[in-house]
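Using the sequences and the accompanying hints, generate a full structural model.
Protein chains: 2
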Amino acid sequence: MLIAGTEVFGTGGKVRAIDPSTGDELEPAFGHGGADEVDRACAAAREAFPAYRGLPDAKRAELLERIADRIESLGDALIERAHRETGLPVARLTGERGRTTGQLRLFAEVVREGSWAGVRVDPALPDRKPLPRSDIRQRKIPLGPVAVFGASNFPLAFSVAGGDTAAALAAGCPVVVKGHDAHPGTSELVARAVTGAVADLGLPPGTFSLLFGSGPDLGIRLVTDPRIQAVGFTGSRSGGLAIVAAAQARPQPIPVYAEMSSTNPVFLLPGALAERGAEIADGFVASLTLGSGQFCTNPGLVLAVDGPDLRAFLEAAGAAVAASRATTMLTPNIARSYADGVAALSAHPAVEVLARGAETDLPNACQPALLATDADSFTSDVALQQEVFGACSLVVRCRDAAQVRAVAEGLEGQLTATVHAADGDRAEAAELLPVLELKAGRILFNGWPTGVEVGHAMVHGGPFPATSDSRTTSVGTLAIERFLRPVAYQDVPASLLPSAIADRG
Amino acid sequence: MLIAGTEVFGTGGKVRAIDPSTGDELEPAFGHGGADEVDRACAAAREAFPAYRGLPDAKRAELLERIADRIESLGDALIERAHRETGLPVARLTGERGRTTGQLRLFAEVVREGSWAGVRVDPALPDRKPLPRSDIRQRKIPLGPVAVFGASNFPLAFSVAGGDTAAALAAGCPVVVKGHDAHPGTSELVARAVTGAVADLGLPPGTFSLLFGSGPDLGIRLVTDPRIQAVGFTGSRSGGLAIVAAAQARPQPIPVYAEMSSTNPVFLLPGALAERGAEIADGFVASLTLGSGQFCTNPGLVLAVDGPDLRAFLEAAGAAVAASRATTMLTPNIARSYADGVAALSAHPAVEVLARGAETDLPNACQPALLATDADSFTSDVALQQEVFGACSLVVRCRDAAQVRAVAEGLEGQLTATVHAADGDRAEAAELLPVLELKAGRILFNGWPTGVEVGHAMVHGGPFPATSDSRTTSVGTLAIERFLRPVAYQDVPASLLPSAIADRG
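One line per chain: the protein sequences are A and B, in this order. Residue 229 in the UniProt record's numbering sits at position 229 of the first sequence, with consecutive numbering throughout. Residue 88 in the UniProt record's numbering sits at position 88 of the second sequence, with consecutive numbering throughout.
Just so you know, not all the hints are guaranteed correct.
[Stated by the list, open to error] Partner residues aside, some chain B positions facing chain A, computed with beta carbon under 8 Å:
| id | residue |
| --- | --- |
| 1 | Leu55 |
| 2 | Pro253 |
| 3 | Gly441 |
| 4 | Gln490 |
[Claimed, not checked] Listing some non-contacts, in silico: residues in chain B with all C-beta distances to chain A over 10 Å:
| id | residue |
| --- | --- |
| 5 | Leu26 |
| 6 | Gly318 |
| 7 | Ala347 |
| 8 | Gly413 |
| 9 | Gly461 |
| 10 | Leu478 |
Hint data in this document are derived by calculation from the structure and do not stem from the laboratory. As the structure is a computational prediction, the values presented were derived from the model and not from experiment. We treat Cβ as the ideally placed atom computed from N, Cα and C, and that holds for glycine.
As structure tokens, this is what we get:
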């Protein structure tokens with residue numbers, strides 16, 4: 001662990017990463033921390049907070065850029081370690097590193113640009129009747145130390161120096177990361193980069209710490225530490241809900257931004273199926289099997305009106321799934337859960353198995369699955385509506401467009417909703433769109449939900465249970481707002497006004 | 001009750017308002033509703049939602065203005081009824097009506113102006129390497145039907161057509177109000193104005209409903225109705241926390257914006273006390289006793305370094321309190337709680353009673369109270385840190401500036417923090433300001449926290465327990481964001497894009 005710049009080897013249980021492609025344990029062992037380490041990291045973060053939030057914006061931007069530089073300086077060692085710990089391909093990890101450093105640099109731009117502070121000024125109206133108006137100025141300030149939980153499926157972009165960390169540091173919040181046990185070596189390398197950047201700039205060491213430990217023990221301790229003021233989490237629904245409950249039960253409840261589960265429905269409208277069903281089938285299976293389907297935005301649900309065009313689509317998609325190669329999943333646990341989830345769905349009396357990927361002897365492999373059911377069965381059994389994390393998708397055959405909409409209206413909240421529509425589908429798409437707006441954080445047409453662009457307009461969020469707080473996003477620059485709150489300054493003397501809301505000279 | 005434009009007399013318990021200045025019951029009786037009425041109102045709100053949120057911005061703005069017009073058309077009848085039900089002076093109620101209609105019209109401007117939609121556009125980059133970028137556009141959409149709980153202390157501005165209702169309607173959310181039993185007649189009059197405005201514009205009647213009922217029964221039913229998507233509440237800490245707990249326990253948790261309790265600390269710095277102690281004393285007692293102290297922002301706590309200047313201040317303030325007239329409180333319950341709260345504090349061994357207002361035989365009167373204690377006693381007993389709703393303030397004598405800051409650092413979250421500082425106090429004020437930023441939603445200098453300006457820069461909010469969600473405000477135009485969430489539109493065809501994010505022709 002790295003607590004406020006100091007190396008600490010936890011005295012709790014030891015954990016080694018596992019190379020999921022072989023099942024072998026990797027050296028070295030990492031020691032789990034407990035109450036003492038949480039206390040040290042949180043005390044250091046709280047101590048660092050006033051100085052860190054008081055830095056000029058340019059300095060915080062520089063920190064983010066320095067972290068990006070230092071991550072790049074880790075070179076191939078980082079990619080190799082991440083590859084061994086996660087089984088993800090080197091090319092994918094190289095891309096993910098670019099996304100991670102790009103995200104840090106984008107937040108640096110946001111910090112420098114300044115509108116994140118949400119400045120609003122109502123000038124004094126001394127002559128107003130019946131009462132004069134005071135000078136009132138508003139800006140946003142950081143909430144305080146933030147706890148970030150690394151996710152297993154993006155060992156760089158949603159982990160130690162991922163989106164949550166970048167947004168919190170940008171906002172002016174020190175960060176305490178609970179690293180994911182699936183990639184401790186990767187986490188340590190990145191944490192050294194962050195700690196090094198903090199030291200390079202002479203910032204308070206408590207600005208950043210990395211802890212390892214068990215979720216129920218160290219994780220819940222971290223969330224309930226009174227110095228922690230917000231939480232960023234990406235992971236399972238059960239894990240997210242446990243953190244939300246712990247945060248709500250504190251004497252002072254705090255916001256939790258948990259990105260949890262989503263089946264990411266894809267609507268195939270009749271015109272699109274007729275015009276380019278085979279092409280859609282290719283794109284669908286490529287998106288479904290990308291990264292063994294281990295994406296929050298994996299297309300796990302397909303809705304369409306039954307008929308010859310859908311049957312042709314399913315034949316093409318089924319053939320592509322059957323031809324797909326098994327790929328290594330992130331951890332033995334994830335591979336087991338995937339296999340169990342697919343087995344349970346396949347055994348459901350209302351489910352038909354359309355295709356499975358090739359069998360394999362590789363350990364921890366994902367054998368893709370394409371399943372189908374009918375709309376009545378789907379809506380009447382919530383077991384069919386749960387996310388299976390991995391390359392598994394369930395096709396729901398509907399009687400007509402009205403039933404497609406009815407199924408859409410009954411869905412839980414989602415990260416994404418995708419529509420494939422041709423020009424002739426316009427009327428149906430126009431009826432569907434307002435339904436989808438209430439269900440998802442992102443609506444996309446004629447594309448695939450995997451691949452979440454890091455930009456200003458992105459929303460990676462959505463109604464519960466996709467996330468615990470639909471009013472925000474965990475990807476894109478709007479994410480900084482999660483760690484801010486507004487403060488109004490009324491008649492504060494000019495010499496004391498924070499520079500963001502001071503009069504320009 | 002008025003449910004989606006229809007008059008309904010509840011079959012539950014009957015309630016009559018009480019004229020607090022006489023203790024007499026007022027006619028007519030109002031019937032409490034229950035499960036059926038909640039169901040009807042929520043079903044109508046959900047049904048109205050798609051049409052209401054789909055209206056052009058100009059139409060929603062027109063509704064808000066029409067409501068304001070219709071409230072004004074109620075004329076003296078509204079003021080008279082409110083005066084009888086609350087005991088608040090006619091002049092105050094006339095001012096509050098102006099604030100209420102001004103607030104509605106300000107939100108109309110906000111809706112027309114359009115930036116509330118938070119539009120962000122990342123244009124497509126088809127030639128980007130290695131991957132092209134899609135066209136991604138973001139806007140904010142309304143959450144859905146909102147439950148609003150009327151507050152007793154502002155029968156117009158924080159009640160049926162108060163800030164929460166105005167912000168929710170502006171955002172595009174239908175509203176179901178639970179009217180406060182302390183002013184049912186006032187609530188009915190205002191609800192008729194809203195219902196009339198909805199009808200005038202031909203909008204779906206479910207856009208607005210008013211219910212009466214008991215908090216634990218009808219209130220909790222309303223919060224847990226699956227169609228309700230957010231809650232606005234102003235009231236007690238216990239009431240707010242019960243609503244938060246109910247909202248969190250739903251299968252789909254929803255945001256609750258509860259504005260609860262605050263003692264609104266006032267810091268009197270040495271230079272200010274020396275320069276203008278007597279003037280500050282006058283202002284303080286005027287703010288303390290305004291409206292019988294029944295403001296969320298009532299200055300219930302004063303912190304200063306002990307010494308001759310503080311003693312002179314307390315003498316002047318004590319004399320002003322002793323000379324103050326007893327005024328009628330809003331309800332018998334509030335008057336009883338106030339008397340009990342002051343009695344408990346006065347009986348505390350570490351508390352000295354500096355002054356009480358004149359005794360009176362009037363029913364439900366508030367006899368102002370100025371009490372004092374020392375900083376060590378204050379910090380060691382949370383009983384001294386609780387809000388007493390009404391014109392009661394506790395002065396905490398501190399040894400030195402360091403102890404003032406230490407007490408400040410130990411305070412719970414607050415709606416406001418006030419500093420009285422002279423030029424010579426600059427250094428001390430500069431040290432205090434960052435502490436106060438973390439404690440309060442609004443910081444004001446050389447003024448008084450009562451009187452919450454409705455503008456763009458106002459924050460009427462603050463860290464827990466001042467509110468249940470510090471990231472927002474319940475007064476001012478930023479309040480609209482409470483009822484919105486962002487949605488991203490990726491490659492959505494131009495013909496389907498909502499007008500807010502469509503290309504301008």
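Against the structure, the hints:
1. Below 8 Å, beta-carbon pairs count as interface contacts, and B/Leu55 has none with chain A, the closest being about 13 Å; its hint is therefore violated.
2. This hint holds: B/Pro253 has a C-beta 6 Å from the nearest C-beta of chain A, less than the 8 Å allowed.
3. Among the interface hints, the one on B/Gly441 holds; its C-beta lies about 6 Å from the nearest C-beta in chain A, closer than the 8 Å criterion.
4. The restraint placing B/Gln490 at the interface with chain A holds, with a minimum CB-CB distance near 4 Å, inside the 8 Å limit.
5. For B/Leu26, the shortest C-beta to C-beta distance to chain A comes to about 30 Å, beyond the 10 Å cut-off, and the non-interface label holds.
6. Even its closest Cβ contact with chain A, about 27 Å, leaves B/Gly318 beyond 10 Å, as expected for a residue assigned away from the interface.
7. The non-interface label for B/Ala347 is consistent with chain A: the shortest C-beta to C-beta separation is roughly 26 Å, beyond 10 Å.
8. Not every C-beta of chain A lies more than 10 Å from that of B/Gly413, the closest at about 8 Å, which undercuts listing it as non-interface.
9. Under the 10 Å C-beta cut-off, the non-interface status given to B/Gly461 relative to chain A is violated; the minimum distance is some 7 Å.
10. Not every CB of chain A is more than 10 Å from the CB of B/Leu478 (nearest about 6 Å), against its label as outside the interface.
Going down the numbered hints, you'll see the structure goes against 1, 8, 9, 10, while the others check out.
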